[in-house]
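Novice: Using the sequences provided together with the hints, build the complete structure.
Residue numbers (full-length UniProt numbering), protein chains in the order written: chain A, 1 to 327; chain B, 1 to 330; chain C, 1 to 511.
Possibly wrong hints are sitting among the right ones.
As the list claims (entries may be wrong) - With a straight-line Cα cutoff of 25 Å, these simulated SDA-like cross-link-like pairs (lysine to any residue) come out: (1) A/K317 x B/G73; (2) C/K310 x B/V190; (3) C/K124 x A/T185; (4) C/K50 x A/T185.
Bear in mind the hints are in silico, worked out from the structure with no lab data behind them.
Next come the chains, spelled out residue by residue.
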Amino acid sequence: MRTTPLASAIPAQLGKHGVLLALALLILFGWLRYDNFLGSYNVLSLLRYNSMFALVALGMCFVIMTGGIDLSVGSTAALGSVVAALLSPYGAIPGLLGGMAAGSVIGLLNGLIVTRLGILPFITTLATMLAASGTALLLADNQSVSVSYETAFTDLGQGDFLGFPIPAWIALVAYLAGSLILNFTAFGRHVLAVGGGEDAARLMGLPVDRVKLVVYAASGTLAGLAGVILAAQFGAGQPIEGVGWELFAIASVVVGGTLLTGGLGSVGATLAGVLLLGLIFNILNFENGLGWISLSAYWQSVIRGAFLLLVVILQAKLTAREDEAPA
Amino acid sequence: MAEALRLRAPAPRTEALGLLRRYGAVTALALLVLFNLAFTPNFATLQTLNVNLTQVCTIVIVAVGMTLVIATGGIDLSVGSLMAIAGALAPLIFLGKLLPLPHPLVGIALAFVIPILVSGAFGWFNGWLITRFRIQPIVGTLVLFIAGRGIAQVLTNGNLQVFKVPEFQFIGLGRMLGIPFQAILMLVIVGLATWALRRTVFGREILAVGGNERAARLSGIPVGRVKRRVYLISGLCAGLAGLIVIAINSAADANLIGLGMELDAIAAVAVGGTLLTGGSATVLGTLLGALIIQLVRYTLLANGVPDAAALVVKAGIIVLAVWLQRQGRA
Amino acid sequence: MGQPPLLSMRDIDKYFAGVQALARASLEVGRGEVHGLIGQNGAGKSTMIKILTGYVHRDGGEILFDGNLVSFASPQEAQANGIATIYQEINLVPYRSVTENICLGRERRRMGLLDWRAMHREAKELLARFGIAIDVRRPLSSFNTATQQMVAIARAIGFDARLVIMDEPTSSLHDQEVEVLFEVIRQLKAAGVSVIFVSHKLDELYAVCDRVTIMRDGRTVKVADMRDLTKLDLVTTMLGRAVAQAAGRQARTGSADASGEKLLEVEHLALGRRVRDVDLEVRAGEIVGLAGLLGSGRSETAQVVFGALKPEAGEIRVKGAPAAFAEPADAIRAGIGFCSEDRKYEGIVPEMSVRENLTLALLPHLAKAGVVDEARQREIVDRFIARLGIKCASPEQKIRELSGGNQQKVLLARWLCMNPKLLLLDEPTRGIDVGAKAEILGLVRELAAEGLGVLLISSELEELTQSSDRIFVLRDGRTVAELAGEAIAEPAIMHAMAHGEAVRQEEAAHG
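Specialist: Below is the structure:
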């Protein structure tokens with residue numbers, strides 16, 4: 001386990017700062033190359049759209065830091081959007097709370113199955129993904145549920161506050177809270193300790209099962225919140241949305257330098273990961289707008305995959321170097 | 001002295017659970033069939049059999065590859081995307097958009113061979129990534145899960161490709177002796193994989209790697225090569241399934257082919273009783289697992305329960321099956 | 001010592017699945033005392049410690065800590081009561097900062113949020129007590145093992161530990177790091193903290209311990225002041241062999257074929273801290289014993305020869321030709337087999353049948369176009385089940401259902417069916433009942449008589465002296481003695497283990 005100080009410091013630093021650097025370069029590139037790239041319309045719509053993914057990725061980040069995984073976030077968001085849409089006639093607040101509560105239920109269920117029944121997180125959340133999706137379809141009667149425009153509910157997705165999209169405010173507050181919790185509460189440190197070595201954490205007397213339960217519940221709640229924004233932004237609860245969100249969220253977290261084995265992670269870098277992957281799509285649009293080349297929007301997945309590949313290989317190479325140090 | 005005194009009689013409870021684990025899938029399937037015979041109208045018809053078989057064929061074919069991957073202790077999230085690549089590629093070939101064809105039949109032959117080989121090559125790439133850089137299989141295959149569908153979409157520019165080529169579509173629509181050809185393919189693949197797992201050196205190596213990787217390495221088994229091959233096979237299976245799907249639909253839509261397939265396949269494997277931690281696998285179980293999931297859905301639908309509720313039931317079945325596995329081993 | 005001792009464990013009994021692991025064992029540690037605890041594998045040291053720290057529950061006896069009867073339900077409870085354990089594998093969280101590793105579980109808060117400044121200060125102060133000044137904000141993994149251990153100790157002190165248990169703390173430390181650790185132990189002692197020090201390195205015991213408890217076969221066989229105990233006494237007591245009693249060696253039937261072909265030659269082999277300078281040699285038809293205390297580098301040496309670990313220096317020759325196996329598969333092709341000491345993690349494939357486990361290495365040879373020739377496989381399996389007397393319901397029984405002795409026979413058969421030239425056996429009789437042990441050793445001798453070369457690693461001197469034609473003794477990763485013929489005797493081996501000087505005999509010319 002002997003590691004040279006340098007070798008082990010690199011993955012963390014590179015993960016954290018590498019993604020920020022890449023993000024900065026991409027923004028610089030866009031600013032130099034395209035008109036209006038940093039114009040308020042582009043920036044605000046980018047933030048508005050990606051705030052849902054940011055919320056889901058935040059929950060995923062915490063789950064992954066404990067060494068787990070949550071595949072149910074996509075359909076939980078769909079469920080949240082349906083519940084919120086159904087409750088939207090009663091006002092923005094009932095819609096908001098209802099959507100989040102639906103997410104919490106799925107999250108708690110995940111946490112309970114993982115800690116009490118001892119089933120692998122991968123399988124547990126795979127199953128609850130189906131359950132959430134089924135419940136959403138049942139509640140929505142297999143179609144999208146229009147939200148009420150009578151109340152202020154749609155503001156949650158479409159409104160602005162101080163000239164800044166409300167969903168982006170929500171995501172911002174969530175990330176600030178997440179960062180605060182991770183860095184300045186005992187719970188946050190316990191999350192990282194559990195992921196860094198579950199046995200060690202148990203021997204240290206940390207409440208391992210409770211930490212896991214809370215983390216899954218939080219992930220579910222955030223997914224529910226993302227669903228609320230989805231419904232408010234597109235004017236309908238969408239029971240079939242959210243397919244593939246979970247893997248997109250995992251990719252954002254990994255690109256942000258969080259180790260999938262747990263124990264190491266950063267909330268800020270996860271946000272940067274989300275924005276980076278979102279920006280790739282944005283830049284593609286601008287590039288096509290220039291008219292010199294015509295790359296279809298479909299290239300975004302390919303480029304995202306390539307980014308993920310690069311990050312994963314870099315991470316693996318750096319951690320492998322650590323392992324090779326004589327024990 | 002330790003051995004002489006070891007108590008060896010298992011408690012009745014664990015024994016019962018062990019039996020349930022071993023024969024649970026068969027029992028569940030039998031009960032489902034009995035239930036349907038009693039309550040579902042027109043159940044005992046060839047029609048019903050064919051409907052159910054065609055629904056599970058692609059899942060089972062993909063799940064066979066997945067079973068082998070999981071038997072080594074891995075997982076393959078990219079199967080759905082690889083199906084999309086194969087499915088997008090085939091029409092491009094037999095419609096002559098990719099390369100000039102001397103004869104339509106040549107195009108059809110190539111449309112079978114090339115997509116499956118390409119999909120297999122991507123599968124091998126998964127294995128290479130996982131063994132060369134020691135990346136966790138979830139992350140390693142996540143790369144192609146994301147990029148793979150993009151590649152398929154780029155190939156077709158996201159357009160729907162509609163076609164009517166009976167010679168090609170035989171793979172999805174044809175019948176032999178009244179049995180859907182795809183079902184025959186499925187059974188052949190299940191049989192072949194079952195046989196390979198039991199009888200071939202490769203099969204034993206797969207189980208040894210998943211059962212105890214260190215011991216396998218110390219016994220001279222080429223662990224990396226075995227892993228690369230199972231991902232290759234998973235890729236080949238996904239490619240074939242992709243061709244069947246587009247043949248059935250008479251259309252290829254890169255956005256939809258194989259969407260969510262990775263999870264269906266994993267669910268079938270889990271319900272079938274293959275250990276998700278590796279080392280013990282049953283291809284027949286996977287077939288049964290897929291049939292159970294399908295039959296539950298069919299039963300619920302045939303008895304007026306909405307499809308959505310079937311999803312919730314499916315979730316319950318997965319959790320129950322895996323939980324039973326754990327109990328049986330505890 | 002007028003005061004009652006800090007810790008007193010008396011008449012501790014423990015059974016695992018009906019087998020007695022501890023029999024009226026005892027352990028007493030005084031206040032501010034550094035107490036050595038030593039014994040072979042399976043002697044009961046770790047069970048004793050696990051009972052004390054609440055990891056497992058005792059079946060009999062009592063524990064007095066600070067004069068009170070105690071019975072801890074969990075390590076956390078033991079920790080809360082002032083007993084801290086520094087495990088061999090350091091049980092901290094490597095990616096987290098030093099501060100966190102010291103303070104996790106009793107975080108400082110200010111207005112509900114973590115007070116990092118206070119925690120950093122506390123961590124710094126605790127480490128400063130041991131003369132260590134490091135950046136406590138950096139992740140633990142960025143420091144060397146010794147520092148990590150200091151952090152673990154600082155954590156223990158931070159929890160007001162009055163008894164610190166150190167389980168082989170020096171096994172992965174450099175010499176100078178060991179010195180730092182000893183200094184810390186002395187400081188703990190000066191501060192009135194007691195230490196239980198588990199180690200197999202005799203010099204270390206003498207360097208820091210006041211007293212020592214020696215355990216064997218689940219019993220406490222001796223408690224003595226370090227000053228009153230010679231190294232030879234220590235070794236003989238631990239191994240349970242009186243020097244006088246063990247003087248005569250029962251001659252091995254079938255004399256060594258000294259002229260046999262040199263199968264394996266190892267020179268100046270080195271790997272990390274475990275293997276520093278190992279020489280050995282095995283000839284065809286010869287059983288060569290490899291003796292040494294735990295941690296002396298025996299297993300690592302075998303693993304390097306087999307290609308499972310890569311050496312940093314030294315030369316290995318197989319049949320006279322230089323050999324550097326990159327993978328075990330290469331060694332297997334060269335006719336070498338290896339039974340790991342860790343049956344469970346490196347031997348059996350638990351879910352597979354006896355038949356599959358037995359033929360695992362042979363598979364490629366059993367194949368016709370990739371398909372296993374099951375008739376031949378069954379024939380071979382049946383032959384070896386009969387020859388080795390493997391007791392199983394059928395060849396299809398899962399190996400995990402077999403007893404340890406029968407599992408070992410299957411693993412032995414896994415190599416024997418390969419018809420190897422050289423077999424490396426690492427503790428082949430560990431955890432196996434007496435009858436099976438004798439059978440396995442008899443079989444090994446039989447095979448050697450047929451021309452097989454065997455490298456036998458064992459912690460049991462009797463086993464070594466009775467089976468070996470030649471014995472190499474390792475101490476702290478170095479070959480310190482080679483014994484052959486009449487020179488093979490338990491006192492000579494123990495002398496070499498204890499003092500590290502070769503009592504090299506006339507034929508010590510070999511180098």
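Novice: Next step is simple, just say for each hint if it's right about the structure.
Specialist: Hints, verified against the model:
no., hint, verdict
1, A/K317 x B/G73, "holds, 22 Å"
2, C/K310 x B/V190, "violated, 42 Å"
3, C/K124 x A/T185, "holds, 20 Å"
4, C/K50 x A/T185, "violated, 32 Å"
Violated hints for the displayed structure, listed by number in ascending order: 2, 4.
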